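> Next come the chains, spelled out residue by residue.
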Amino acid sequence: MSSPKPLWRNIFDLVEKGIAPKLESVVGTSEFAELITALTKLRYEANKRFEETTQNLLHMWNFPAVTDLKKLSNQVSSLERRIRDLSKMIEDLKENQAG
Amino acid sequence: MSEFGLSDTMEDLVAELSRNVDRARNGFKYFIGAEKIEVGITPKEAVWSYDKVQLFRYQNQKVLYSTPILLVMSLISRSYVLDLRPNKSLVEYLTKRGFDVFLVDWGVPDGFEADNSLETYTHEYLTLAVENVIRISGAESVTLYGYCLGGDLALLYAASHPEAPIRNLVTMATPVNFSGMGPAMELLKDDKFDLQKLLGWDGNVPAVDIANSFKLLKPTGDMISRANLIENLWDDEFMDGYLAMSRWTGEHIPFPGRAFLQIVDLLIRKNCLAVGKCELGGEVVSLSSIKCSLLNVIAEKDHIVPIECASPVTTLVGSQDAAELRLPAGHAGLIVGRQATSVTMPKIADWIGARSVLLGEDIVSRDGRTDERTELV
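So the protein lines, in turn, are chains Z and X. Residue numbers for the first sequence follow my numbering, so the first one is 2 and each next one is one higher. Residue numbers for the second sequence follow my numbering, so the first one is 4 and each next one is one higher.
Calculated directly from the structure, the hints in this document are not laboratory data.
Listed next, the in silico DSSO-like pairs over lysine-lysine satisfying Cα-Cα at most 30 Å (straight line): (1) 23/Z / 192/X; (2) 71/Z / 89/Z; (3) 304/X / 192/X; (4) 6/Z / 39/X; (5) 195/X / 218/X; (6) 71/Z / 200/X; (7) 23/Z / 6/Z; (8) 71/Z / 195/X; (9) 200/X / 273/X; (10) 72/Z / 200/X; (11) 200/X / 42/Z; (12) 195/X / 280/X; (13) 47/X / 89/Z; (14) 218/X / 200/X.
What you are looking at is a predicted structure, and each value in this text was computed from that prediction instead of being measured.
Okay, chain X solo, but in the shape it has when bound (with noise of 0.2 Å):
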């Protein structure tokens, strides 16, 4: 530092015009809409698919277990948030961490799937999704992690096939409890407002809708989200995760019409997860048949499924070992948040790990090579 302090503030002026040079910049490519932000980055090739489901398998030549993760999306949104950006990437860290990595995508839905009801994905695309990976990998068993609405899926799944080959159970910011779920469920929950009057001419809820719905959780949100935007416009990692999570925020998905339907009567107005009996498939389903491993992975700061909403899992399950994890952060956070590889991930790898088939004491590769396992652990 000089006598008077100048160097500072030359060093100042020079990294705020810097800053300003970048924000011209990357606010010019916003602006023309020249940032198109690459998503899903992980290598991945599709191994099956049955209507427009697909099942995904991402290429990991350093597999630890041999039992095989199964992710489960929700039906509302794009399944490649489970896989946004280097470094922010649920599926990134999971095969990095040696796991043999599934992800079913239900695709996008149009007039075909809007007669698809909730047995469609419990019963028959979930079904032979498990079935899929248990050929395909080899495995005996699957480690089944669903997302949001995907949980919901997962466990409808679990309870109405207590023979499947579920050896854990992994929900992520997953409703249970569909009181007090934000103005959007109380809408629906009124019987005097026409469910038939959101579904568009295709049979299913427009996407446009659903994003709205959303936006009703958090009425400033586009306003901060606008404002953070502007104040790290200068930091191209900031605006490479604002540009993946707004693409992503923007692409929601219809919701087929019939399930749609069901999921508002039985999840919703019955709340029959919660209740523990829930009609399905012509029968009666409760969570307690689920018998597996669980982790129930709970957002603190979630404002789509408050805490309230996602905590009785544990409670609701008939596992032995089920157990809570909470973590400091918000929906989408727990999976591109800033701690999201830091700290969330670690602890869900961990007690997956520790719950599931190790492939011996040496790394097997697909290729059938072998390598010291040391190199990942």
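Pulled out of the complex, with its shape left as it was, chain Z reads as follows (with noise of 0.2 Å):
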């Protein structure tokens, strides 16, 4: 047999379905929305601005920043694929010469 349910729970349980339905109310709407919209800006030019004062800094004394290992590790994924497509070329050459 199941325990009954421990009074804190309860209470729990009371305010939960009491704030739920609201809270899942505000985040349905367009004002919600557009709050979402100008943190997602703020978070991303905060970020810009910070890498840019951080890489000046960085550069003012011939260290690397986080942008030259983003770059960088950008650059080797790129070099990746175009390894990739050009081996599946040969393959599919090798294939057709082949057949």
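Taking the hints as your guide, dock the two standalone chains into a single complex.
In structure tokens form, the structure reads like this:
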């Protein structure tokens, strides 16, 4: 037999049932969507500014910044993709020649 | 019971004391993070890989059906949820029922995958995965089984490859009508919302943003989860399940950027699956070109993919044999819930089994031995 719910849990459930629908309706409003849009923009701009500032500081001392590493990483990814595509082309050519 | 009910009181007291000891022990373990739960428990081997994609085959000495099952996972979460814990595993259940189970795991994307389009998954990876399942198993056709967004990938693959060797298609908690899917989707529908700003430095949508978008669907979800934990802290079995699920929900993976932009444009803004025309791989694809047997599994309490978003599948496909199975569970509850192994999985396995090719009257094991079929049935 399962034991009855403790008192604190009954109180919690009561409070949760009261606030959950309100919170869910708030996150569904256009105002909330606008807030999220604004916050996304703000975060994007803040990150950009921070990276620019740290990049300038580090470059002054000839140190690589995170942005340089990101660029390098993206270039490596791009190269990896090109190698994969070229390998595929070679395989296809070999298959065509064999066929 | 004694005359004054004293022994009952003592028993209750001892039981409560014992629970408090368990609470303290589990609470301490949880607090210090010592409870590293093991997930993905069914033995498997990687039988093929390409880029970061891996095809796993689960060990099964007693395969009953020659039609293998290929599980297709979503792009935003880890595949081990399909094999979470002993007795809470879809993979474990299907292998016990005699199916040869494969799983295609997309891996954790980084900058390399940022340029992957939807076609990379539907026209390239899935095509290769199905070809390899056929090659390795020696079967003529497969049962494709997609969970959540994996179901959409399976549907798009099947629709754009009518010649593909798909015997059956199972979609589970799969959205096809993207209207009414909650605030995060509504936000993405807004043309004013600059999707590029959602992409991280590597060109993918960061995992943390994906996790947060799920939290928006049920703002009090975390609170309820913590309350459940405190209430059941004494219960070792609950703790195992809680820790495994917490691990899964906390381990989202980045969404490959280009595929994300394409999904927002096609599936969310144009609602192309529901409308019936998706521009994919340079051609217009419609779910009506799917003719194989199809089972659409819907979770009635799903707050991520509500019923109205998942239910149109059976009417959109062109299959003569299209069935819908509604179960009283949540999105993840379908595979890890209390009734998963007793209600959900048996019904799905029965449906697949009835439409799969049986390996004769005897069980044929991979090492060539034969056993009596009655051992499993």
